[in-house]
Amino acid sequence: DLPDGFFPKIREFCDIFPNRIRDYERLVENNRVFLKRTQGIGVISGEDGIDLGLSGPNLRASGVDWDIRRDEPYEIYDRLDFNVITRDEGDCYARWRCRVEEMRESVRIIEQCLDQMPEGPFQINMPTIAFPVNKDKVHCSMEALIQHFDLSAYGFKVPKGEVYSAIEAPKGELGFYIISDGSEKPFRMKVRAPSFVNLQGLFGVSNARYLADMIAVLGSLDPVMAEVDK
Numbered sequence: 255d256l257p258d259g260f261f262p263k264i265r266e267f268c269d270i271f272p273n274r275i276r277d278y279e280r281l282v283e284n285n286r287v288f289l290k291r292t293q294g295i296g297v298i299s300g301e302d303g304i305d306l307g308l309s310g311p312n313l314r315a316s317g318v319d320w321d322i323r324r325d326e327p328y329e330i331y332d333r334l335d336f337n338v339i340t341r342d343e344g345d346c347y348a349r350w351r352c353r354v355e356e357m358r359e360s361v362r363i364i365e366q367c368l369d370q371m372p373e374g375p376f377q378i379n380m381p382t383i384a385f386p387v388n389k390d391k392v393h394c395s396m397e398a399l400i401q402h403f404d405l406s407a408y409g410f411k412v413p414k415g416e417v418y419s420a421i422e423a424p425k426g427e428l429g430f431y432i433i434s435d436g437s438e439k440p441f442r443m444k445v446r447a448p449s450f451v452n453l454q455g456l457f458g459v460s461n462a463r464y465l466a467d468m469i470a471v472l473g474s475l476d477p478v479m480a481e482v483d484k
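Per my numbering, the very first residue in the sequence shown carries number 255; after that it's consecutive.
Zero decoy hints are in this set.
Straight-line C-alpha distance at most 27 Å; calculated DSS-like pairs for lysine-lysine:
(1) K411 with K444
(2) K263 with K389
(3) K414 with K439
(4) K391 with K411
(5) K439 with K389
(6) K439 with K411
(7) K444 with K414
(8) K389 with K411
Here are the in silico distance ranges between beta carbons for each label pair:
(9) L368 with L399: 33 to 43 Å
(10) E416 with Q377: 19 to 29 Å
(11) Y278 with R463: 19 to 29 Å
(12) I275 with F441: 38 to 48 Å
(13) D390 with G317: 45 to 55 Å
By construction, these hints were calculated from the structure, which means they are not laboratory data.
We put the beta carbon where it would ideally sit given N, CA and C, even for glycine.
When you get a sec, could you build the whole thing from the sequences and use the hints?
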C-alpha cells in the first residue's frame, strides 16, 4: 500500500498549490515586457499544428480541442471530471495560458483520484510478469529470489503481435509502438516523444520577425532536448 502520511501530504499540496499559481500569474501577467514578447508572437494555426503533428497544450493553444485523457481514455480518466483547456490565439501567450489553467485542472484531477483511490495493495501479484510484492522475501525465499532473477535477466514472453499505446503526458502525446515476435524482448520499438514532434512547431510559426522572438517561441513550445534524439 502507499506509505503512511501519503494522503495528508498530497492534500496539503492541493490546498497550497492554487495560491502559488495565482502568485505566478501576478508575477507575469502584470509584466508589460512579458506581454509584448508573447502576445501575437509565434502564432501557429490549428491547421498547421495538426499538419506538424503537435499535441498537448501546444496544439490546444491553437484551438484544437483534443486530449487523449478525454478522447481516448485510459486508466481511470473516464471516471474523472476535468476541463480540456483550449485557446484560439495560437501564440506564445496562449500556450502559457493553457499551461497555467492545466495546472489548476491537475489539482482537480489529483483530488478526485485521492477520493476514489481504494485502500490496500496496489502491485499486481502475478509471479510470471511482476517482481515479488514483498521484496523482503527475496532474502529469505528461494522462489522469490528465482522470480526476481528471471524477470531481471530474461523478462517475460509476450504474445506475437504489435500495439501502439499513448498517454497524455504534460508536453503532449507520449506513445509507444511495439512489435513482438513472441520472445522476451521487443522485435521493434518506437517511442513517440512529444518534444521531438513539438519542436517542428518552429517551422509553423508565421510571424517571428526577430531572432529574439524565437527565444520566446522555443520557450513556449517547451521542448525537452533529451527527447529530440535525431
